[in-house]
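Protein chains: 2
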Amino acid sequence: MQPGQRLRATLEFLLYDWLDAPGLASRERFADHSRDTFDAVLETCERIAREKYAPFNRLVDTEEPRFDGERVILPAATHAAHQAYADSGMLAAAQDHALGGMQLPFTVEAAANSFFALGSVSINTAMLTVGNANLLMAHGSPVQQRVFAHPEFSGRWAGTMCLSEPHAGSSLGDITTRAEPDGEDYASDPLGPRYRLRGHKMWISAGDHELTENIVHLVLAKIPDAGGKLPAGVKGISLFIVPKKLVDPEGRLTGERNDVALAGLNHKLGWRGTTNTLLNFGEGRYPVRSQPGAVGYRVGQPGQGLQCMFHMMNEARIGVGMAATLLGLAGYYASLDYARSRPQGRPAGGKQAEQAPVPIMEHADVKRMLLAQKSYGEGALALALYCARLVDEQHTGDAASADEARLLLELLTPIAKSWPSEWCLEANSLAIQVHGGYGYTRDFPVEQYWRDNRLNMIHEGTHGIQAADLLGRKVRMAGGRAMQVLARRIEATASAFAADGPWAGEARALGQAWGELQEAASSAWQGEDARRALANAVPFMQAFGHTVVAWIWLDLVRVIGDAPRSPGCAGRLAAARFFFRYELPRIGAWLAVVRAQDMTCADLPPEAF
Amino acid sequence: MQPGQRLRATLEFLLYDWLDAPGLASRERFADHSRDTFDAVLETCERIAREKYAPFNRLVDTEEPRFDGERVILPAATHAAHQAYADSGMLAAAQDHALGGMQLPFTVEAAANSFFALGSVSINTAMLTVGNANLLMAHGSPVQQRVFAHPEFSGRWAGTMCLSEPHAGSSLGDITTRAEPDGEDYASDPLGPRYRLRGHKMWISAGDHELTENIVHLVLAKIPDAGGKLPAGVKGISLFIVPKKLVDPEGRLTGERNDVALAGLNHKLGWRGTTNTLLNFGEGRYPVRSQPGAVGYRVGQPGQGLQCMFHMMNEARIGVGMAATLLGLAGYYASLDYARSRPQGRPAGGKQAEQAPVPIMEHADVKRMLLAQKSYGEGALALALYCARLVDEQHTGDAASADEARLLLELLTPIAKSWPSEWCLEANSLAIQVHGGYGYTRDFPVEQYWRDNRLNMIHEGTHGIQAADLLGRKVRMAGGRAMQVLARRIEATASAFAADGPWAGEARALGQAWGELQEAASSAWQGEDARRALANAVPFMQAFGHTVVAWIWLDLVRVIGDAPRSPGCAGRLAAARFFFRYELPRIGAWLAVVRAQDMTCADLPPEAF
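As you go down the protein sequences, you meet chains A and B in turn.
In terms of our numbering, the first sequence is residues 71 to 679.
In terms of our numbering, the second sequence is residues 71 to 679.
These are calculated hints, taken from the structure and not from any lab test.
It cannot be assumed that every hint is accurate.
These stretches of chain A come out as covered by chain B in the derived footprint (C-beta under 8 Å, 3 or more residues) [to be verified]:
1) 440-454
2) 504-516
Beta-carbon label-pair distances, calculated as ranges [claimed, not checked]:
3) Asp-90/B x Pro-429/A: 33 to 39 Å
4) Pro-357/B x Glu-424/A: 34 to 40 Å
5) Arg-551/A x Gly-631/B: 49 to 55 Å
6) Gln-153/A x Pro-357/B: 54 to 60 Å
7) Gln-72/A x Gly-297/B: 42 to 48 Å
8) Ala-208/B x Val-428/A: 57 to 63 Å
9) Gly-419/B x Asp-468/A: 55 to 61 Å
10) Ser-565/B x Ala-548/A: 49 to 55 Å
Cβ coordinates follow ideal geometry from the N, Cα and C atoms, glycine included.
Work the whole structure out from these sequences, hints included.
Rendered as structure tokens:
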């Protein structure tokens, strides 16, 4: 079976049997939709991904982006893939009909986009463009929306997010890019308050290319006070639109470059289909009206930049989790095909020499490696679509339900980002292992999946940042209300199983895991000392993630029931069983150090390492 | 501090404070040695590795081996490194003085070789050459030793091991390379019974190159019966010396090529300093005396090939563990340097904006990632040297002690190979994580360590093969005697700690872990059904490995005592503490499925995946 068809079967189960996506059509915004329209979108995306993405995944790895001093050169296949994606209308899928959009539920949009990540995760930078435009739709002025966001939805322009600087990655409060009012009339520009920006931005994905006629950079910078001093910390950060090429208030290119220069391409371990860049803003390479300084238009109020940017960052975090997930599934499908076709050895306990070799699929340890991949990849996919469904609820549910969805989404975002990044990477390592020596060669795709996936624990907030967000903020926010919402949902799932049924043990194990998790969170915060509480934030997040994914798996079992209708459902039940037996028990080791406020690491003096 | 100096401090602690390497000088074979001579060897190797290996580690990654149709082209640096290594005398370090060797204990040889793996793991293929020559010293005829092994010890010739075939990797019983007697007089060749070999050998490391004037292939093949049929299974395997270039009985090159042709170079994810090849034996590209068929000289008796080869495979397995270990330590040292020099963020709980950023070394989660690397890398190094010390005991101890050492070494070999392969790979991933985005670029060395290290769970017997060997054979061999030996040593370590002392909890935890491990092994074999017993062999091996490394760490604590003399020893105590608190508790999850004979994976029908 083609990987896309395999994925589609899983998506259909999740969307239709589990999340009741067609039920969304009863809401006014989605009234034109039905399972038929959803299926049509899935089918189109599967086809484009199969034709324009998957065949070029190795190519974009070996033909890394180059800079000839003027232009960034990408393979022709990347241009074709971009065009096909734009032509599909997916960039505007979630937008209003009035804007040329489909008013597609985000749940379905996310599902449909997963085909592209499966085909070639790094060829596709649409997530950035859509996220950028969505931010402008939420925080930009009407003119900014029309001039900058609309061409992004049509695919004519692309978008970036410019946060990090060479000296300031995780610590955005320390950025030093300056934004100074551009002339006396700076406040009256129709495109928004006009500034000149100067500074360096690092790790900018899709920061320069020729895929589109313009690039809309969303840039965090600081506005100096009257004494020329930059305000300290994250509260001093503002947000600016800085187009690569200047535009007039009608959105037409003026023919002038803005003062944004590509300082260099980063040479990465993987994810090579996307440029990653160091950009110099306002160094004078392309002076505007004879003056250095990149022209930027403020979005929102001064000092509100990070808050606005979080709109895009949260989307990006879920997107990163999705990318990690689809890489995990890509490796799973590849190793499954290999395991079915590669004869080697005999089953344990049989007569060795007299029998013909069996496909390695028959060996228990190979099955273990495949089932682990399945439980990671499909569990992560279900979690991601669950989160996508929360987005739809937040936007179209009634007030109480929307508020609950918002809280739960905030709590689950660090998990949706971190968990697939860690465990679908592990899945890719297992995919290599299933291939044996062949998996270590570049003749098979799995080593690339593994390299590509290693990025996901780093970008859009490292594992450590996600963990501090989870245990330092999300677990305690709104007086613990988000945790209460999650507790109720977990309880609802567990209580759907009969106490003497075949899943009673798993239901009990889930309840117990959740109890241990809550207890560990309380113990960690005993004494209200952030240093002690957060010393083991990552092990806490790992345990939280495993518990959440166990809950998701059990909820899938709930809808399948005891009598699976198909081999696919039998496989899902096995993956759920696997997760509860082989994976969930890991949380004991993680939570022990959280509960104990173990300071072995935190207290060790640097010179002892 | 230079990485080599850091490593040397750890090696000196292990050799002199823990393993009492100088005490070996009281044995006749090592009578000329002392701590002074050991130090001189360590110093020489550290220097050569620093000058000739480390500076070229990236180069051998980017300038992959090429084949111009006639010759394999390697960077000049690889030739220089090979020459410097040969000139150092290390190839013959363990050999008799009469052979120009140093009669160095293997413990010290292994320690000294670790500098080269730290500098550039893949530039160095000496392990293969020495292992090949050692096998000939154990199983070859006197002429074979003089003609083939001696030039390997001097560095004039190199060696390989040719086991796998394209269709037979883990399953050596299925090889189809044929060896047929070469003429009427085949049995009377002074170089050994002469055969003609025909077949394909895959994954042959250092299978072709111009580093040496000749290459000695040790090749597994089958001798057909009278009807021309190859004997089935591993019992039909014999071993042959197949030189790349033909030699006379005096060991002089005759000027003729043997019929061994390079069919292709494998293009790998990492470990690119070493060629990895597909070799065609006897396809007629280089006919000998006008006939196709590679000329080979049998070593040992027909059907004894695999048994002989195990001599080399066991050495190679420990060598693979060492390589994985040193890659782990290389990443640890690199990320330690980065963490000390990279300012970013403020400690949790402090006032954020007003303070200057601190080195990331100050953050608890970065310390956690560093301490994990230290506990994996230094724990693995200690285990490897412990195994090396067992080799010396086996060869120079009294009969009882030698026998005990042999048994323990057999039991620990799958751990010494598999544990570093898995956990020092994880260490490398953590080293990337400490570097953040920079770690994902090729401007820093850690991504290469991670790629290089991924090989080690695959070659010289995959993780699955090691696990089947451990639980299927080693745990039960000799009526469980090897387990009894290990149990006594673990008990001796644990009982060295006072029941009310600061390490009492760890000592108890170790005893408990060992008890759980034994119980799990018994439960797995309940019913004597190999299929059920081995269904979870890998989780068993993971738990076994963590328990053994916990024991090793506690034994290091034993020699340090409660009052560490130096920051180095304080760090070792912290790493030991870390291992017991963060790592050892993981065994619970692994052993639960072993104990339960969990068949979730083994019983799942292939179509459900």
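So, going through the hints one by one against the coordinates:
For the stretch 440-454 of chain A, the stated coverage by chain B holds: 3 residues have a C-beta nearer than 8 Å to a C-beta of that chain, and at least 3 were required. Against chain B, the stretch 504-516 of chain A contributes 7 residues with a C-beta closer than 8 Å to a partner C-beta. That satisfies the three-residue criterion, and the hint holds. Against the hinted window of 33 to 39 Å, the Cβ-Cβ separation of Asp-90/B and Pro-429/A comes to about 51 Å, which falls outside the hint. Distance hint check: the CB atoms of Pro-357/B and Glu-424/A are about 37 Å apart, consistent with the given range 34 to 40 Å.
Distance hint check: the CB atoms of Arg-551/A and Gly-631/B are about 51 Å apart, consistent with the given range 49 to 55 Å. Roughly 56 Å separates the CB atoms of Gln-153/A and Pro-357/B, a value that falls within the hinted 54 to 60 Å. Between Gln-72/A and Gly-297/B the Cβ separation comes to about 46 Å, which falls inside the hinted range of 42 to 48 Å. Here the CB-CB span from Ala-208/B to Val-428/A is close to 35 Å, at odds with the stated 57 to 63 Å.
The given range of 55 to 61 Å is broken by Gly-419/B and Asp-468/A, whose C-beta atoms sit roughly 40 Å from each other. Here the CB-CB span from Ser-565/B to Ala-548/A is close to 53 Å, well matched to the stated 49 to 55 Å.
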